[in-house]
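> Those sequence lines, one after another, are chains A, B, C and D. By full-length UniProt numbering, the letter at position 63 of the first sequence is numbered 63, and the numbering carries on one by one without gaps. By full-length UniProt numbering, the letter at position 303 of the second sequence is numbered 303, and the numbering carries on one by one without gaps. By full-length UniProt numbering, the letter at position 79 of the third sequence is numbered 79, and the numbering carries on one by one without gaps. By full-length UniProt numbering, the letter at position 296 of the fourth sequence is numbered 296, and the numbering carries on one by one without gaps.
As the list makes no split between identical chains, a pair holds if one copy fits it or if it spans any two.
Only pairs whose alpha carbons sit at most 35 Å apart, straight line, appear in this in silico DSBU-like list of lysine-lysine:
(1) K246 <-> K266
(2) K33 <-> K7
(3) K7 <-> K34
Just so you know, the hints here were simulated from the structure itself, not pulled from any lab data.
Protein chains: 4
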Amino acid sequence: MTGALLKSSLWHTEYLNPFIVFQHGITEILLSKKTRFQDMFIVRTGAYGKALILDGKLQVAVEDEFFYHEPLVHVPAVLHGGPRSVLVLGGGDGCTIREVLKWNSVETVLLVDIDEEVVRACEEFLPELHQGAFHDSKLKMFFEDGLTFIDNCHQKFDLIISDLTDPLEDGPSFFLFTEEFFGKVKTLLNPGGIFVTQAASVSLPEEPLHPRIVKTLSKVYASVDSIQSFIGSYGSPIGFAMASDKPLETDLTRRRIEEILFSHVKRDSLKLIDGRSFQGFVGTPLILRRAIEMETITYSQQRVPKAFGGQHVDHAA
Amino acid sequence: MTGALLKSSLWHTEYLNPFIVFQHGITEILLSKKTRFQDMFIVRTGAYGKALILDGKLQVAVEDEFFYHEPLVHVPAVLHGGPRSVLVLGGGDGCTIREVLKWNSVETVLLVDIDEEVVRACEEFLPELHQGAFHDSKLKMFFEDGLTFIDNCHQKFDLIISDLTDPLEDGPSFFLFTEEFFGKVKTLLNPGGIFVTQAASVSLPEEPLHPRIVKTLSKVYASVDSIQSFIGSYGSPIGFAMASDKPLETDLTRRRIEEILFSHVKRDSLKLIDGRSFQGFVGTPLILRRAIEMETITYSQQRVPKAFGGQHVDHAA
Amino acid sequence: MTGALLKSSLWHTEYLNPFIVFQHGITEILLSKKTRFQDMFIVRTGAYGKALILDGKLQVAVEDEFFYHEPLVHVPAVLHGGPRSVLVLGGGDGCTIREVLKWNSVETVLLVDIDEEVVRACEEFLPELHQGAFHDSKLKMFFEDGLTFIDNCHQKFDLIISDLTDPLEDGPSFFLFTEEFFGKVKTLLNPGGIFVTQAASVSLPEEPLHPRIVKTLSKVYASVDSIQSFIGSYGSPIGFAMASDKPLETDLTRRRIEEILFSHVKRDSLKLIDGRSFQGFVGTPLILRRAIEMETITYSQQRVPKAFGGQHVDHAA
Amino acid sequence: MTGALLKSSLWHTEYLNPFIVFQHGITEILLSKKTRFQDMFIVRTGAYGKALILDGKLQVAVEDEFFYHEPLVHVPAVLHGGPRSVLVLGGGDGCTIREVLKWNSVETVLLVDIDEEVVRACEEFLPELHQGAFHDSKLKMFFEDGLTFIDNCHQKFDLIISDLTDPLEDGPSFFLFTEEFFGKVKTLLNPGGIFVTQAASVSLPEEPLHPRIVKTLSKVYASVDSIQSFIGSYGSPIGFAMASDKPLETDLTRRRIEEILFSHVKRDSLKLIDGRSFQGFVGTPLILRRAIEMETITYSQQRVPKAFGGQHVDHAA
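Kindly generate the complete structure, drawing on both the sequences and the hints.
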């Protein structure tokens, strides 16, 4: 018989699928609020420090957020070579813009988040995340629906980063994972520009959603690719999907990666990424690449993704 | 308010640390037995199929075991170039020897597991794992303590793979993670031989154990390195530590990796590994490599690892 | 911050309602079997000893089963005064007949259980429950559907005890809580005979089902009453509903109760019941009696009870 | 295979013992605060409405608090016959004084709670509990340690009610369950006065603590008795221990109980108690009365109670 000494009486529970439960012991509640769009908690977890929870799903935790944000930003930025203009959809916690602003090539960053209350709460309660990025002179913030913003935007960008919550049926990010939306995004890319989006869990039982998002991108873009990173506080690896009309060449030597990366980013400003670990993030397992190849379902206005329990599972098909 | 439809009433619970709980819904119990050494369950999980549980810790699940066994075997085998003789300590489920036997260079494999009852149960209830490997003519099995075996063995090996259960204080693998043991293993390696060992979870809160195991190896071997793989059914990534007296060169191009690998292993016999994903498994995050560098504690007979709840945590220091 | 030392890695989980979870740490699996009718586990719980689980619901645990079976049998038996013939529907674990056979007035007991495999498993693995009752010469066992048995039975009884599993939609007991069935049972009662049935949880959030069962009985019988007992291993109190065409007089002095009870039952054969605690079991809280009075919904072939997660909740209305 | 639809992602967890877990799905956090003495949460539970949680233990929930407070107050008050002066130790949520003030015999009530922050939070966030009782002209409140208050008090009382948190080692109520304290309380009772105290869970695995508290009282008082009530939101029944130097006669007819009770309390002001259910609350199961009789351990300054996980378990002996 075995067991363990647990040190909390309050557990945030993620239902990864109907047979997998992942729980965080909570030690303190810093904020509990229903915004206009979402249920928001800011809590202190015992294992990963302070964390933001939206609609029952842990979004970001202070102690391991860089496992999400470093690859999300720096992998496509390296593939681009030196982005100057960047659009971030979502990302209201400020981590993504913080990483973007580490690139000395960047001249302008736009952040578009539907939920100003979340951004303001993160600004106040989670300074470890944004680290002042909200007040950078290169940043402009827009509090509106990503879809509306895209429809009305006349600027173009080298890098567009979609850092949205999961496509929950009741959540605000639902329509931003469809072929129609991906097509609109494409019109805002400069030549050689890259679009990257958070694209659901890629642990085995959650697999369908990620391949379908990638496949949906491939209906719109000439090149697509999939990278992934394990996020400890999620209990599962997350996939990011990249898309561009230029080839996405990930087969780079460690040396070449570092040449590009460290000509624009200070070496000691990163916790995870150098040449070796960059190869790790783009070293997508064969089984996942095969699953993407074999996938036939894509998402559109007619067929929107279905989610499970605040998590990315499209079990329907 | 959120929630989910759960589909089980029986939950196997892994206590990853005092603030993290990971649960599998169980749909069937195939075997429940106390062996001479361990509590053993063979169950059907809803998410990852049939699984072996020893002393309250899920060891291996049919649906994702290759995320563990492919990198454990094929990464060091590629670094070696063409192992002919292989010793496997533990690995009673038969997966490790199954992967070893995919190398056409291999002439002899020895499997040493302390617990014959576990091996026999896996043979009967989990044929998806061993796939007949137990009856391969190149295999010899020994049911005895790894320590005793090592002390009495006069053979030498190109590859020694330690696929043991975690160093639980009450479990049988306790002393096989010490400097003394690692030193004895070294005496059984051929020139250019490589030792690789399962080396605990490497998600953030579990970090101490892995760096200490690697650092302990570095007291005995000229070269050590750390690779990792996310195991969905564990809810965390696992580290493998490699050690040798020859340099362990992981900075290989995708092409070079495939030249070595596929000159010995049939391409379609692998689910995960090709050149690209090999780079993924060896693409150890910078933060983990730094933690290993900074680590000062090593394990010896005087200071054995402490575990948490059937899991790898040495919180003591 | 608080927490606790848990001593199990395998948890049987009862979903009492969508917001209440009650879990037993399991220390051993004695039997895991799908019978023709039900999923059956016999396990050892850490808190309440060996237990029988059917279709995900703990039915009976060795260490506290008398909190269920003593009031179920002895309260109606005392109200009757000296039952000679007793019919038990369900109760395949043998506890109910064990209590019935403590009455020296009893001449004949019939046990009707649909699932012989459950009875045989209890006989073998749970002798602490039946204590040999299955082999009493006064007992006759029938393995068939209670409904079929009732339809074909020409005997009459002083006491009919319905000790069925909850009315789960997928379970075998579904139709045995309807007005039609209760009417058929009535035809098998001797004058002055009493029918008693397990009648669902009576903790607040589970309230609807119990009042409806009682109210359904009142459409068929002149007198109905409700008693209750807290079952530790259920985490909730269970209601029993009694019905008869003679008045059910529970307002008895402690002395009068003991006169009746101990003229038929050996005093030291009971763990719970004497005059004082008998008053406890019939001391139904006012709020529950009021809820029964106010209840307007009854169950029939047209409107069968709906259950929640292996538990008694009819949230639908 | 079974399961359930859960409707929350945040679970308050009570560890009833090392093998029993009871969880409430939380739908809203109203307050999260560390007071000078305790960790305090005021939350909305999905099953029992708003609730107060102190040091990881649910104290009181709006939807079923009367199962605790009605028997705690009205049973000893009926046994007394018509209390005029009442002292309440603890009970900072205001429910106990609310019930006390229903007795028209009562002229003065003193409330002594160590933690003014808890009282103020309950006053603001939980008006359903106190229902204005804090502002009754008969009430005087003292925010100090019960022990200090008792030492300095020169008044005497007909009824002293100890409504404290469990004797957790880290909590503030630790020394108020000892022989020494019970002796001091006795000096403040009028002739014929009664002391009643919350006295831990009385479900089987938690049994030791309750019998020891009762037995400790019996070293100081001529008469002691034990009553109990199932609290749905605790998942277990709670025992109350009464003590006096006059006989505590609980063997009363329903009629006699109602004569006393309803000559002082308005009939429709109670949710649970009338003559019949009063007999229920005093109908302590035989097995518990026997356990109390057999108990030999008592608590003193030298041997204070040990608790489990925010719960009442003295497993030590």
